[in-house]
Amino acid sequence: MIENRPFTRFLTHFVLICGVIAVALPIWITFVAATHDELRMNQAPLPLLPGSYLWQNLKQTLFGEGLSGTEQAPVWLMLLNSLAMAMLISTGKIAISLLSAFAIVYFKFPFRMTCFWMIFITLMLPVEVRILPTFEVVANLGMLNSYWGLSIPLIASATATFMFRQVFLTVPDEMLESARIDGAGPMRFFFDILLPLSRTNIAALFVILFIFGWNQYLWPLLITTDTSMTTIVMSIKQMLEAAEQSPQWNIIMTTALLAMIPPVFVVISMQKLFVQGLTETDK
Amino acid sequence: MAEIHLTDLTKSYGPTEVLHHIEGHIQDGEFIVIVGPSGCGKSTLLRMVAGLETVSSGEIRIGERRVNELEPSERDIAMVFQNYALYPHMSVRANMAYGLKIRKLSQAEINRRVEEAADILEIRQYLDRKPRQLSGGQRQRVAMGRAIVRDPQVFLFDEPLSNLDAKLRVQMRLEIRKLQQRLGVTSIYVTHDQVEAMTLGDRLMVLNGGYVEQFGTPIELYDRPASIFVAGFIGSPAMNFLPAEVKDGSVVLSNGVIIPVESPKEANVTLGIRPEHLQPEPEGAIALQVEMVEQLGANTLLHGTLQGTDKALTASVAGHATYENGEFVNFSAPASMLHLFDPETESRLEL
Numbered sequence: 001m002i003e004n005r006p007f008t009r010f011l012t013h014f015v016l017i018c019g020v021i022a023v024a025l026p027i028w029i030t031f032v033a034a035t036h037d038e039l040r041m042n043q044a045p046l047p048l049l050p051g052s053y054l055w056q057n058l059k060q061t062l063f064g065e066g067l068s069g070t071e072q073a074p075v076w077l078m079l080l081n082s083l084a085m086a087m088l089i090s091t092g093k094i095a096i097s098l099l100s101a102f103a104i105v106y107f108k109f110p111f112r113m114t115c116f117w118m119i120f121i122t123l124m125l126p127v128e129v130r131i132l133p134t135f136e137v138v139a140n141l142g143m144l145n146s147y148w149g150l151s152i153p154l155i156a157s158a159t160a161t162f163m164f165r166q167v168f169l170t171v172p173d174e175m176l177e178s179a180r181i182d183g184a185g186p187m188r189f190f191f192d193i194l195l196p197l198s199r200t201n202i203a204a205l206f207v208i209l210f211i212f213g214w215n216q217y218l219w220p221l222l223i224t225t226d227t228s229m230t231t232i233v234m235s236i237k238q239m240l241e242a243a244e245q246s247p248q249w250n251i252i253m254t255t256a257l258l259a260m261i262p263p264v265f266v267v268i269s270m271q272k273l274f275v276q277g278l279t280e281t282d283k
Numbered sequence: 001m002a003e004i005h006l007t008d009l010t011k012s013y014g015p016t017e018v019l020h021h022i023e024g025h026i027q028d029g030e031f032i033v034i035v036g037p038s039g040c041g042k043s044t045l046l047r048m049v050a051g052l053e054t055v056s057s058g059e060i061r062i063g064e065r066r067v068n069e070l071e072p073s074e075r076d077i078a079m080v081f082q083n084y085a086l087y088p089h090m091s092v093r094a095n096m097a098y099g100l101k102i103r104k105l106s107q108a109e110i111n112r113r114v115e116e117a118a119d120i121l122e123i124r125q126y127l128d129r130k131p132r133q134l135s136g137g138q139r140q141r142v143a144m145g146r147a148i149v150r151d152p153q154v155f156l157f158d159e160p161l162s163n164l165d166a167k168l169r170v171q172m173r174l175e176i177r178k179l180q181q182r183l184g185v186t187s188i189y190v191t192h193d194q195v196e197a198m199t200l201g202d203r204l205m206v207l208n209g210g211y212v213e214q215f216g217t218p219i220e221l222y223d224r225p226a227s228i229f230v231a232g233f234i235g236s237p238a239m240n241f242l243p244a245e246v247k248d249g250s251v252v253l254s255n256g257v258i259i260p261v262e263s264p265k266e267a268n269v270t271l272g273i274r275p276e277h278l279q280p281e282p283e284g285a286i287a288l289q290v291e292m293v294e295q296l297g298a299n300t301l302l303h304g305t306l307q308g309t310d311k312a313l314t315a316s317v318a319g320h321a322t323y324e325n326g327e328f329v330n331f332s333a334p335a336s337m338l339h340l341f342d343p344e345t346e347s348r349l350e351l
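Here the protein sequences come in this chain order: F and S. Take the first sequence: its letters are residues 1 to 283, numbered as in my numbering. Take the second sequence: its letters are residues 1 to 351, numbered as in my numbering.
Just chain F, with the same shape it has in the complex (with noise of 0.2 Å):
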């Protein structure tokens, strides 16, 4: 539909730039807070301008001691943390659910649907609902506090599976039939044909799901006691309450804006991928 009128060319454009205001005033008042010194952020009114005290801050976020008067991680090591449980649940999601949707779609076995049916059903299942259970698993596993506790119980992934499953419907019976006739194996198939079919796919869903494992709260927050381990999403949080004195908001807001900078990186340099690995359907 294409609209010229003045006036609704004016509301368009008032709706837009209201919503780009509401997504950006935050992340820039974000970006200025970790601009100021800690005096000037205790002080009413907020600076809505940048100050000059960003380096300081950055250095001593991510080298010196971070917040003080606490025991917390490094900066720097908390954002290893979260890299790799990000990187452990996307990656560890993409394999499984490529794996799983491979089985259900290429390979007649009994139960085939049953097993579908019971990936599906476990999109009612987040951890948040069978928080308990998981938590006694891992915990008797000796998993706490380490990466694999972190990324396991949320690797097997029911959306992954569907998308993937959707994915490999759209490819035609003759390309396996022409790898048949090839002479390909079915891993071969799949590590062959299957994969770089679904590239733009895969790196969709790895956006998604990396930001997905990076935004973790609740689940890092249960089984890392153990300050060495301790993500950045969930430390930001402690952050507000662990100092005895008031926050200390130059800090805080420079870790929060460098707990953004790897999601933003992951979606700029994917963004061409992304985008067509959830529009085209053409194979």
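For the record, the hints were derived by calculation from the structure and aren't laboratory data. One or more hints might be untrue.
DMTMM-like mimics (lysine to aspartate or glutamate), calculated; alpha carbons at most 20 Å apart, straight line [to be verified]: (1) Lys101(S) - Glu115(S); (2) Lys108(F) - Glu69(S); (3) Lys311(S) - Glu294(S); (4) Lys108(F) - Glu53(S); (5) Lys104(S) - Glu115(S); (6) Lys104(S) - Asp28(S); (7) Lys101(S) - Glu69(S); (8) Lys178(S) - Asp202(S); (9) Lys311(S) - Glu344(S); (10) Lys108(F) - Glu71(S); (11) Lys108(F) - Asp37(F); (12) Lys101(S) - Asp37(F); (13) Lys130(S) - Asp192(F); (14) Lys104(S) - Glu74(S); (15) Lys59(F) - Asp37(F); (16) Lys311(S) - Glu276(S); (17) Lys130(S) - Glu174(F); (18) Lys178(S) - Asp193(S); (19) Lys101(S) - Glu177(F); (20) Lys104(S) - Asp192(F); (21) Lys265(S) - Glu276(S); (22) Lys247(S) - Glu276(S); (23) Lys104(S) - Glu71(S); (24) Lys178(S) - Asp28(S).
Simulated restraints on C-beta separations [stated by the list, open to error]: (25) Gly184(S) - Leu99(F): 43 to 49 Å; (26) Thr16(S) - Thr122(F): 49 to 55 Å; (27) Ser57(S) - Met118(F): 36 to 42 Å.
Keep in mind that this is a model prediction, so the values were computed, not measured. All C-beta atoms, glycine included, are put in the ideal place defined by N, C-alpha and C.
Following the hints, position chain S against chain F.
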């Protein structure tokens, strides 16, 4: 290069039998076309030979080997699919080389074969392109190249030309025929297009409803169709069928016209006559009331009905001719060009 024997071959999906007792013996180097309307089981039969469908009963032999239980890759066949089934993420070269790579041929041998096939098909300049950068005809060549490099005993074609436009189809049809004659590989080709079937095949297997209606050379099928189905399917425009009666050594049409034939039997029959065998003759016994005239340039088609009946009748007259709608045109039909069929069994009655 090999002979193919199909012995008492059937295919069932659950309780439904879709192919019934197919028999066929294909000579070494022969080009066989399986032709029939959609849903007749022709693709299923081809896919059974390829090993993509299981065999319910009967036997398929390629050369000396029984191949019923063999994987497609072990049958020494190559197949060209209707939508080409090229791997979209691989270059033309990689597409053609993929099967050879899996068979662990040396890189030098793979290159030699791919380039040789590319030269035969004149696609050498496209070797490094992706399939989506090629036109339909070029993709078709790549698909054939992929079959050629395997150097198989049998080529299988599953309606390979149906995605091409009409002009290209005619051109590729000739190329496939030339290529097959040059390579001398036994080939089975599936199509629903009877013109394609007639021009390509050494022999045609006409399938209908899972039964082989007739298996013979194009000329045999044209001259002596074994059933009403084959008679109507082969030849364009389609053969005319008129209800008639054999009486006293001649055929009597429903409007009383008598055509003498040498037949001792007396029975109700279906008389078949091809439009091109109706010869215009002022004194001819068969009168056609023209309803529509189709000018094709080289010949003219007259569509109408047999005088005094509502039976559709089509005649083909050489050259340009002008006729008025509603006009009566008289034709004669030589007895040797008539086909008689049993209206019950629809099979051919010998004169």
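Comparing the hints with the structure gives:
1. Straight-line distance between C-alpha atoms of Lys101(S) and Glu115(S) comes to about 15 Å, which keeps the hinted pair within the 20 Å bound.
2. Restraint check: the Cα-Cα separation between Lys108(F) and Glu69(S) comes to about 18 Å, which is no more than 20 Å; the hinted pair holds.
3. Our distance criterion of 20 Å between C-alpha atoms is met by Lys311(S) and Glu294(S), whose separation comes to about 19 Å.
4. Between the alpha carbons of Lys108(F) and Glu53(S) the distance comes to roughly 15 Å, so the proposed pair stays at or under 20 Å and holds.
5. Note on Lys104(S) and Glu115(S): the hinted pairing holds, with a Cα-Cα distance of about 18 Å set against a maximum of 20 Å.
6. Taking the CA atoms of Lys104(S) and Asp28(S), the gap is about 28 Å. The hint is violated against a cut of 20 Å.
7. Taken as a hint, the Lys101(S) and Glu69(S) pair is broken in the structure, with Cα atoms around 24 Å apart against an allowance of 20 Å.
8. Taking the CA atoms of Lys178(S) and Asp202(S), the gap is near 13 Å; set against the 20 Å cutoff, the hint holds.
9. Between the alpha carbons of Lys311(S) and Glu344(S) the distance comes to roughly 19 Å, so the proposed pair stays at or under 20 Å and holds.
10. As the CA atoms of Lys108(F) and Glu71(S) are separated by approximately 17 Å, the hinted pair is consistent with the 20 Å bound.
11. Between Lys108(F) and Asp37(F), the direct Cα distance comes to roughly 64 Å. Violation of the 20 Å bound is thereby established for this hinted pair.
12. About 64 Å separates the Cα atoms of Lys101(S) and Asp37(F), which puts this hinted pair outside 20 Å; it is violated.
13. A C-alpha spacing of about 16 Å is found between Lys130(S) and Asp192(F), which places the hinted pair at or below 20 Å, so the restraint holds.
14. Taken as a hint, the Lys104(S) and Glu74(S) pair is honoured in the structure, with Cα atoms around 14 Å apart against an allowance of 20 Å.
15. Distance check on the hinted pair: Lys59(F) and Asp37(F) sit about 13 Å apart at the alpha-carbon level, within 20 Å; holds.
16. Between Lys311(S) and Glu276(S) the alpha-carbon distance is near 18 Å, which keeps this suggested pair within the 20 Å criterion.
17. A hinted pair counts as satisfied when its Cα atoms are at most 20 Å apart, and Lys130(S) with Glu174(F) qualifies at roughly 18 Å.
18. Restraint check: the Cα-Cα separation between Lys178(S) and Asp193(S) comes to about 19 Å, which is no more than 20 Å; the hinted pair holds.
19. Of the supplied pair hints, the one linking Lys101(S) and Glu177(F) holds, its CA atoms being roughly 17 Å apart against a limit of 20 Å.
20. Using a Cα cut-off of 20 Å, the hinted pair Lys104(S) and Asp192(F) holds, with the two alpha carbons roughly 15 Å apart.
21. Taking the CA atoms of Lys265(S) and Glu276(S), the gap is near 27 Å; set against the 20 Å cutoff, the hint is violated.
22. In summary, the hint linking Lys247(S) to Glu276(S) is not supported, as the alpha carbons are separated by about 26 Å, beyond the 20 Å threshold.
23. With a C-alpha separation of about 17 Å, the suggested pairing of Lys104(S) with Glu71(S) holds against the 20 Å cut-off.
24. Of the supplied pair hints, the one linking Lys178(S) and Asp28(S) holds, its CA atoms being roughly 17 Å apart against a limit of 20 Å.
25. Range check, Gly184(S) to Leu99(F): Cβ separation about 45 Å, and the 43 to 49 Å hint holds.
26. About 38 Å separates the C-beta atoms of Thr16(S) and Thr122(F), a value inconsistent with the hinted range of 49 to 55 Å.
27. Roughly 37 Å separates the CB atoms of Ser57(S) and Met118(F), a value that falls within the hinted 36 to 42 Å.
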